[in-house]
Amino acid sequence: MVASSGTIVAPVSSPRNPGSQSSLREANRARIVDAITHHGALTQVELAAVTGLSPATVSNIVKEQAAAGVLATTPTSRSGRRAVRVTLAREMGLVVGLHVSNRQLRVALADAGHQVLVERMLPLARDHRADSELDRVVLLIQDMAESVGTGLDEVLAVGVGLAAPIDPGTGLIATRGLMRGWDGVPVADELETRLRRPVFVDNEANLGALGEYRMGAAQGVRQAAYLRVSHGVGAGLIIDGRVYRGGSGKAGEIGHLTLDEQGQVCRCGNRGCLETLVGAAALAAKFPGSHTQVKLRDIVLRANAGDAAARRVIADAGRHLGVALAGLSNLVDPHRIVVGGELAEADEMLLSPLRHALERSTLATASGVPDVVKGELGERAEVLGAVLYAIDLAHITAGRPSDAARTTGPYPMGIAGPRISGIVPDLAPENAPDRGGLAS
Amino acid sequence: MTVLNQDQVRSAPTGELVLSMRGIDKNFGAVQALTAIDLDIYSGEVVALVGDNGAGKSTLIKILAGVHPKDGGTITYGDRPVSINNPAESNELGIATVYQDLALCDNLDVVANLFLGHELGRATIDEVEMEKRSWDLLRQLSARIPSVRIPVASLSGGQRQTVAIARSLIGDPRIVILDEPTAALGVAQTAEVLNLIERLRERGLAVVLISHNMADVQAVADRIVVLRLGRNNGEFTVAEVTYEDIIAAITGATDNAVTRRAQARVDAAGDAAVAAGASPDAAPPEEDRP
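Chains as they are written, first to last, in the numbering used here: chain A, 4 to 443; chain B, 14 to 303.
Hints are computed from structural coordinates only; laboratory data are not their basis.
Fair warning: this is a prediction, and the values are worked out from it, not measured in the lab.
All C-beta atoms in this analysis are idealised placements derived from N, C-alpha and C, irrespective of residue type, glycine included.
Please note that a few of the clues may not be correct.
Stated by the list, open to error - Derived SDA-like pairs (lysine to any residue); straight-line CA-CA distance at most 25 Å:
| # | chain 1 | residue 1 | chain 2 | residue 2 |
| --- | --- | --- | --- | --- |
| 1 | A | Lys298 | B | Val254 |
| 2 | A | Lys298 | B | Asn226 |
| 3 | A | Lys253 | A | Gln296 |
| 4 | B | Lys145 | A | Leu27 |
| 5 | B | Lys145 | A | Gln47 |
| 6 | A | Lys298 | B | Asp53 |
| 7 | A | Lys377 | B | Tyr112 |
| 8 | B | Lys145 | A | Arg34 |
| 9 | B | Lys145 | A | Arg225 |
As the list claims (entries may be wrong) - Covered, in the sense of this in silico footprint (three residues per stretch, anywhere, with C-beta under 8 Å from a C-beta of chain B), are these stretches of chain A:
| # | segment |
| --- | --- |
| 10 | 121-135 |
| 11 | 211-219 |
| 12 | 351-363 |
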């Protein structure tokens, strides 16, 4: 499940010898690490209660994993008694990844070894405003840092993903109207004054692409595109192994590709954009009979439950996306297209019509059409991308050789070490902390 | 009594009218607390009840919870009229209320609190089964509770709120009423509770949320019902309302909602002249909307 730096721990049930003592021990080990990932920090007594293991087993495994460098223990007290507080072992230096999308906010606190220590999700109001949300984010980050027993001073950098194109020159939102409450707000400066830490801002789809490229479905694919289908639609482009942002930051804004010259007026001000066909508002409008405003998640849940109308709406969305992606594919020619965002949870219901439309409209080459896959990181792709972005830029700006050597680890940036690939199964959506249980 | 399983989550009907209140009046002596209040509650929907202090929000939910009997008006549950005279009757209708003070027993552990009054087992209490179900329930709600065997007193505000909400689900309700669930909570705990409300909605439950925090309300609610001085002062769909509109309706800074309601009545009566006067105002925004 979770790999320590260097060694890969075998998955929960070892296929060779299920039910053996060693596989049982591995399963217990995974349970303990899972519990700590979910709760942040726990005492050994609490760990025993959460996992249902005996205190002796917990104590043994914690001792063993602490020696292996997976867990760290610190003495503490709990209701007046001495106790041992168990956290994930982390490399020096923390980074924060922040993803602010149209209807939700996600914050991840990770160590410099890409290991997420705590993660929080917060639903947001429609047209949320920068000032109040940034204040909340600061409180949230402080709270999260405290929950792993540290403070803001250990944070090396903060990576922020916003649901609008960001001008690389100014750091401002390049197109007005896409995130109304955040237009003209120098997000990096505002957060820097609040946190006193370096802050780097980018477009969410670019960060999603970075996340999937480094630790998800696009690993090792140097020409790739990431399509984010959520409230809005956007794409991030990986060209020659680097995120391509374009001249003014709007590269990959596939959601505002014109599909119908006479179509509806889009929130960007043009007509007939892809988003007027497959954005959350457009999809919700396809269910006029329903009393409640239909959310994207509702459509996916209904489709999974077998609702024919919801399935059809998703399939139609897939077809529109396929046509738009055919254009993108002709222009930048990616080898793989990774689909993420909330609607990607519909999986093949979305992807097969998408592939079909893509194959029909794109220019055929000898090597065929790009393969289209669902993202591996689920809704966390952007926030993990923000973490990676912050780590990358922190190295450049911090510039202390000792720090850099320690935080980069044995693997140069851009190449997935065993630690990153090892942790990927943990990041699968069904295990994600905030989306467990009911999500599937 | 059973903890909901995944199948029930899928099959739960949404968007169906569960309960409807019409013309509810309530007075306490000379104080007219509620006057002709209408409220509809749908499954799979979060309806927020907002208003200034003394607007009548708490009185209204106390009528639903069976704390106060109504003085006038009708309550329809499904398709039959019902009267809710005491909390037990409210419970039988599948209405669960989580009050602001949570009403948890601080000295009991999480399991004991969840099953208080509904303990499992015949001759002896089946602690093992209760603990198992507690974990099942908390896991389904993605709750961050470190242990179910610690006294509730040692939990954080958000965790206590989670326990209180989880307890309300033990009886398999159709409507969950949350009174100020995020008041007095920090940002992280608020996030936890808001996520929890989204989980409840996804399970097909009808959620009535009372809150003063407009950011929270707009984040999770589908519909906002504004009360002002004991009367309905506007009903909004979250997708179509701005923060300013809601505040205006709460404070009475505009009489928009009231005149709109009066307008609707006039329209319904078929006054063509007024209808023609109102339509040019209403038309342009609809055209602009994608």
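Structure-based check of all given hints:
1. Restraint check: the Cα-Cα separation between lysine 298 of chain A and valine 254 of chain B comes to about 16 Å, which is no more than 25 Å; the hinted pair holds.
2. Under the criterion of a C-alpha separation no larger than 25 Å, the hint pairing lysine 298 of chain A with asparagine 226 of chain B is consistent with the structure, at around 22 Å.
3. Distance restraint check for lysine 253 of chain A and glutamine 296 of chain A: the Cα-Cα separation of roughly 30 Å exceeds the 25 Å cut-off, and the hinted pair is therefore not satisfied.
4. Note on lysine 145 of chain B and leucine 27 of chain A: the hinted pairing holds, with a Cα-Cα distance of about 21 Å set against a maximum of 25 Å.
5. In summary, the hint linking lysine 145 of chain B to glutamine 47 of chain A is supported, as the alpha carbons are separated by about 20 Å, within the 25 Å threshold.
6. For the proposed pair lysine 298 of chain A and aspartate 53 of chain B, the alpha carbon gap of about 20 Å is at most 25 Å, so the pair holds.
7. A hinted pair counts as satisfied when its Cα atoms are at most 25 Å apart, and lysine 377 of chain A with tyrosine 112 of chain B does not qualify at roughly 43 Å.
8. Between the alpha carbons of lysine 145 of chain B and arginine 34 of chain A the distance comes to roughly 17 Å, so the proposed pair stays at or under 25 Å and holds.
9. The hinted pair formed by lysine 145 of chain B and arginine 225 of chain A fails the criterion: a straight-line CA distance of about 48 Å is larger than 25 Å.
10. Three residues within the 8 Å Cβ limit are the bar, and the segment 121-135 of chain A against chain B gives 10, so the coverage statement holds.
11. Only when three residues or more bring their CB closer than 8 Å to a CB of chain B does the claim for the segment 211-219 of chain A stand; here the count is 0, and the claim is violated.
12. Proximity of the segment 351-363 of chain A to chain B, defined as three or more residues with a beta carbon under 8 Å from a beta carbon of that chain, is not established by the 0 residues found.
Hints 3, 7, 9, 11, 12, counting from the list given before, are not met by this structure.
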